[in-house]
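**Student:** Each protein sequence line maps, in turn, to chains A and B. For the first sequence, the UniProt record's numbering begins at 1 and goes up steadily by one. For the second sequence, the UniProt record's numbering begins at 1 and goes up steadily by one.
There could be a bad hint or two in this list.
For the chain A half of the interface with chain B, some residues (derived, Cβ under 10 Å), not all of them [what the hints assert, rightly or not]:
| hint | residue |
| --- | --- |
| 1 | 329 |
| 2 | 347 |
| 3 | 456 |
Computed far set for chain B versus chain A, every beta-carbon distance over 10 Å [what the hints assert, rightly or not]:
| hint | residue |
| --- | --- |
| 4 | 11 |
| 5 | 12 |
| 6 | 41 |
| 7 | 88 |
| 8 | 89 |
| 9 | 92 |
| 10 | 93 |
| 11 | 131 |
| 12 | 150 |
| 13 | 195 |
Cβ-Cβ distance ranges computed for the label pairs, FRET-style [what the hints assert, rightly or not]:
| hint | chain 1 | residue 1 | chain 2 | residue 2 | range |
| --- | --- | --- | --- | --- | --- |
| 14 | B | 209 | A | 73 | 19 to 27 Å |
| 15 | B | 256 | A | 523 | 26 to 34 Å |
| 16 | B | 82 | A | 514 | 25 to 33 Å |
| 17 | A | 362 | B | 209 | 35 to 43 Å |
| 18 | B | 137 | A | 289 | 46 to 54 Å |
| 19 | B | 198 | A | 115 | 19 to 27 Å |
| 20 | A | 340 | B | 91 | 21 to 29 Å |
| 21 | B | 223 | A | 66 | 31 to 39 Å |
Quick caveat, the hints were computed from the structure, so don't treat them as lab data. Ideal Cβ positions, reconstructed from N, Cα and C, are used throughout, including at glycine.
The primary structure of each chain is shown beneath.
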Amino acid sequence: MTATAPYRSPLGTAGRDGFARLVHAEWTKFRTAPGGPAGLVLAALLVVGLGLLSAAGSHASCSKGPVEVPCPVPPRGPGGEAVEDHFFFAHQPLRGDGSITVRVSAMSGRIRLPDAVPGVRNVATAMTPWARAGLMIKASTRQGASYAAVMVTAEHGVRMQHDFTEDVAGLPGKVTPSTPRWLRLTRTGDTVTGEESADGVRWTKVAAVRLPGLPAQARVGLFAASPGDVRVTGNAVGGSTVTSRFSEVTAVMDRLDVRGAGTGGAFALDDIGVSYELDGSPHHPGGFRESGGTYTITGVGDIAPLTVGSTVENTLAGAMFALVAVIVVGVLSVTAEYRRGLVRTTLLASPRRGRVLVAKAVVVLAATFAGSLAATAVTLPLAKRVLAGNGVHLLPVSALTELRVVAGVAGVLAVSAVLALAFGALLRRGAAAVIAAVAAVLVPYVLATTSVLPEPVADWLLRVTPAAGFAVQQSIPEYPQVVGHHAPAGGFYPLPPWAGFAVLCGYAALVLALAVRRLNREDA
Amino acid sequence: MRRATLAEWTKLRTVPGASGLLAGTVVLTVALGALAATVVRCEAAGCGPDATRLALTGVQLGQALVALLAVTAVCGEYGSGMIRTSLAAVPRRGALLAAKAAVVTGPALAAGAVAVLGSVLAGRLLLPGSGFTPEHGYPPLSLLDGPTLRAAAGSVLYFGLIALLGVGIAVAVRDPAAAAGVVLGLLYLFPLAVRLVADEDVQRLLWAVSPTNAGLAVQATTDAAALPLTPWAGLGVLAAWAAAALALGALVLHRRDA
Chain A
1 MTATAPYRSP LGTAGRDGFA RLVHAEWTKF RTAPGGPAGL VLAALLVVGL
51 GLLSAAGSHA SCSKGPVEVP CPVPPRGPGG EAVEDHFFFA HQPLRGDGSI
101 TVRVSAMSGR IRLPDAVPGV RNVATAMTPW ARAGLMIKAS TRQGASYAAV
151 MVTAEHGVRM QHDFTEDVAG LPGKVTPSTP RWLRLTRTGD TVTGEESADG
201 VRWTKVAAVR LPGLPAQARV GLFAASPGDV RVTGNAVGGS TVTSRFSEVT
251 AVMDRLDVRG AGTGGAFALD DIGVSYELDG SPHHPGGFRE SGGTYTITGV
301 GDIAPLTVGS TVENTLAGAM FALVAVIVVG VLSVTAEYRR GLVRTTLLAS
351 PRRGRVLVAK AVVVLAATFA GSLAATAVTL PLAKRVLAGN GVHLLPVSAL
401 TELRVVAGVA GVLAVSAVLA LAFGALLRRG AAAVIAAVAA VLVPYVLATT
451 SVLPEPVADW LLRVTPAAGF AVQQSIPEYP QVVGHHAPAG GFYPLPPWAG
501 FAVLCGYAAL VLALAVRRLN REDA
Chain B
1 MRRATLAEWT KLRTVPGASG LLAGTVVLTV ALGALAATVV RCEAAGCGPD
51 ATRLALTGVQ LGQALVALLA VTAVCGEYGS GMIRTSLAAV PRRGALLAAK
101 AAVVTGPALA AGAVAVLGSV LAGRLLLPGS GFTPEHGYPP LSLLDGPTLR
151 AAAGSVLYFG LIALLGVGIA VAVRDPAAAA GVVLGLLYLF PLAVRLVADE
201 DVQRLLWAVS PTNAGLAVQA TTDAAALPLT PWAGLGVLAA WAAAALALGA
251 LVLHRRDA
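If we strip away everything but chain A, and leave its shape as in the complex, we get (with noise of 0.2 Å):
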């Protein structure tokens, strides 16, 4: 027997088959077919378009009684994040560590009901969840300075809260004359420790939190503060409209006890962050009463981060319409091949089925990536800047975060066109690729946040559909304990950001795998 050597074209070349080729070939066929280029060109001009269109659009007014006034750009915290910074503070100095004690042992509060007679204000007594009052220090009475503070909330229990953004469960329960809580908040250095206790004898440990800045002389008192009552409302034409009105809180006091270098004295008192009238009257005062070692201090306002408002991803809000474009792009990739017959000296070329179709994928999405990311990178920074000149502050977020809405809004519109090319590869019809990419991607998003179905629903559609790609873009966190419209329609996901990119990508990869195997299955 003779071993003979297989047949070996002296054409070919070992390079020949590499991948690298078979994407050089698949990126040859893209650039000069006439939809992929023009698509993408399309995107990134919807992208850029609409976005600085919408910018320009955008006018941010604000009035003080009839006269029209530039908004107020939000105070920031120690995170850098927007903040709201609202609340009636009765404070001593406190010069380095030391303590305060408190018995909290009554809270009542009011809110302002929709009018049920128009005109007629409707005020009923009751708490909104989170009013709180307790202890706090505080770096200054600054808006957004760094702070510490233990609190009993309305119907959320003890809580330690620092620096906005920062909040730790206590014990549950609420204060009653009956049931009153004590609360201790004492300064080590730069930590800060809260403790609450039943009786005022045995302690209980809330959180001991470090606050870098915190100066050697503070302010240290009692505080107290109430977010508005939040209501969302639908109009007819789809929109929602989110109201938040008046509401105030009133803590009763006693057993008070400071200790430290500077405290003793009388208490000062501030309503930070209160808003005044044309005439100078505050609008909305807190206050403050002390008799006989009881102290009665009534707020208004949050202490939290902002979360509602413009956001930077809203000025990439034109990427869903260039969906529709790359998805076009991508069925168009592979679909263009199948109708002209392409597809046959293509696999002539490249036995290796599997291999074609993954250079297509290659191509396809590098090359929307380029495209939307150029697209995305400069629509961001110049819409933003449109909006500053119109008097609109986006709310501010890390320059990482920036990056991630720039990158991830070009990921989504990216890995989309490879969900739509594999949806081609899989049905081999234009028509039904692009429908099926669309209803896999878009329709969830449409049906999550235009339709009446509710929150729940909307939810769970962007959790196990592709569309909770979108999640991405999500530039401002959901804080459990900020009350807000927390919903898909808000711009708030329920899956964390990249987790969310991550569904969609599975499902990408898992229809490509389905198409490879088709592909290899069947005559193309």
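For chain A, the structure is supplied; the task is to place chain B on it using the hints.
**Tutor:** Chain B only, in chain A's frame:
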């Protein structure tokens, strides 16, 4: 014209998948309507939602398959070159387009009627379980009720108009993927745009020119007064879109080589 229609009917009948798409339209429409009727709850009297509209939510999903039917029926002929044979047999291009539009719209209306009846029935059975009871101000859905009948009949017509819109755009665009992209963009991006703009006047304007938002106004039974257009005027907006698409299609068919 009769022969042209018959020929188109034969083509549509023998295209694989057409009956599947019609069945899919019915299933998706009824399924989403039933889901909405189950998950949206009414806890007290005057809770707000329009029960008829709720039961007919599925139309928003079913319309995608009707659009797909229209696009495949037209673009399939361009893909295979069959269109040249068709035009050789029926040289009057307007007649060919009219025949095609008629045979796509007929089944779409039929499937729409089944889907809408199924949705109303599902709503009648499921809504009371979600709290939409007479005590809360919601009598059972009934086609004997004037506004509900109008909503149901209007929804059937809505499916027919989506089919016409799809045919017109498909004839104008020719490529199936691009045609499907254009139709779906028209159907699903307007509602998003309404939500994305902040100004309420612009919202109402976008709503009033949107084929889906305005077209589905025909489903409104309780909140119709708050909408920018009356129910039939809203359906008229969709009809105008369909007419414009067909006119564009006819123009392209006349002017351009097939």
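**Student:** Would you say the C-beta atoms of residue 198(B) and residue 115(A) sit inside 19 to 27 Å of each other?
**Tutor:** At roughly 24 Å between Cβ atoms, residue 115(A) and residue 198(B) fall inside 19 to 27 Å, so the hint holds.
**Student:** Cβ-Cβ distance between residue 362(A) and residue 209(B): within 35 to 43 Å?
**Tutor:** Holds: the Cβ-Cβ distance is about 40 Å, inside 35 to 43 Å.
**Student:** Do the Cβ positions of residue 82(B) and residue 514(A) conform to the proposed distance bound of 25 to 33 Å?
**Tutor:** For residue 514(A) against residue 82(B), whose Cβ atoms are near 29 Å apart, the range 25 to 33 Å holds.
**Student:** Examine each Cβ of chain A, and state whether all of them lie more than 10 Å from the Cβ of residue 131(B).
**Tutor:** Non-interface label stands for residue 131(B): nearest chain A Cβ at 12 Å, farther than 10 Å.
**Student:** Minimum C-beta separation from residue 195(B) to chain A exceeding 10 Å: can you confirm that?
**Tutor:** violated, 5 Å
**Student:** Is it correct that the beta-carbon of residue 88(B) has no partner in chain A closer than or equal to 10 Å?
**Tutor:** Given a closest Cβ separation of 21 Å, the condition holds.
**Student:** Measuring from beta carbon to beta carbon, are residue 223(B) and residue 66(A) in 31 to 39 Å?
**Tutor:** holds, 34 Å
**Student:** Was residue 41(B) rightly flagged as not at the interface, with every chain A Cβ beyond 10 Å?
**Tutor:** Violated, because the least Cβ-Cβ distance between residue 41(B) and chain A comes to about 7 Å, which does not exceed 10 Å.
**Student:** With d taken as the least Cβ-Cβ distance between residue 92(B) and chain A, does d exceed 10 Å?
**Tutor:** holds, 26 Å
**Student:** Have a go at the residue 347(A) hint: is there a Cβ in chain B nearer than 10 Å to its own Cβ?
**Tutor:** violated, 19 Å
**Student:** Could you check the hint for me, namely that residue 209(B) and residue 73(A) are 19 to 27 Å apart, CB to CB?
**Tutor:** About 36 Å separates the Cβ atoms of residue 209(B) and residue 73(A), which means 19 to 27 Å is violated.
**Student:** Is it the case that residue 89(B) keeps its Cβ farther than 10 Å from each residue Cβ in chain A?
**Tutor:** holds, 23 Å
Violated hints for the displayed structure, listed by number in ascending order: 2, 6, 13 and 14.
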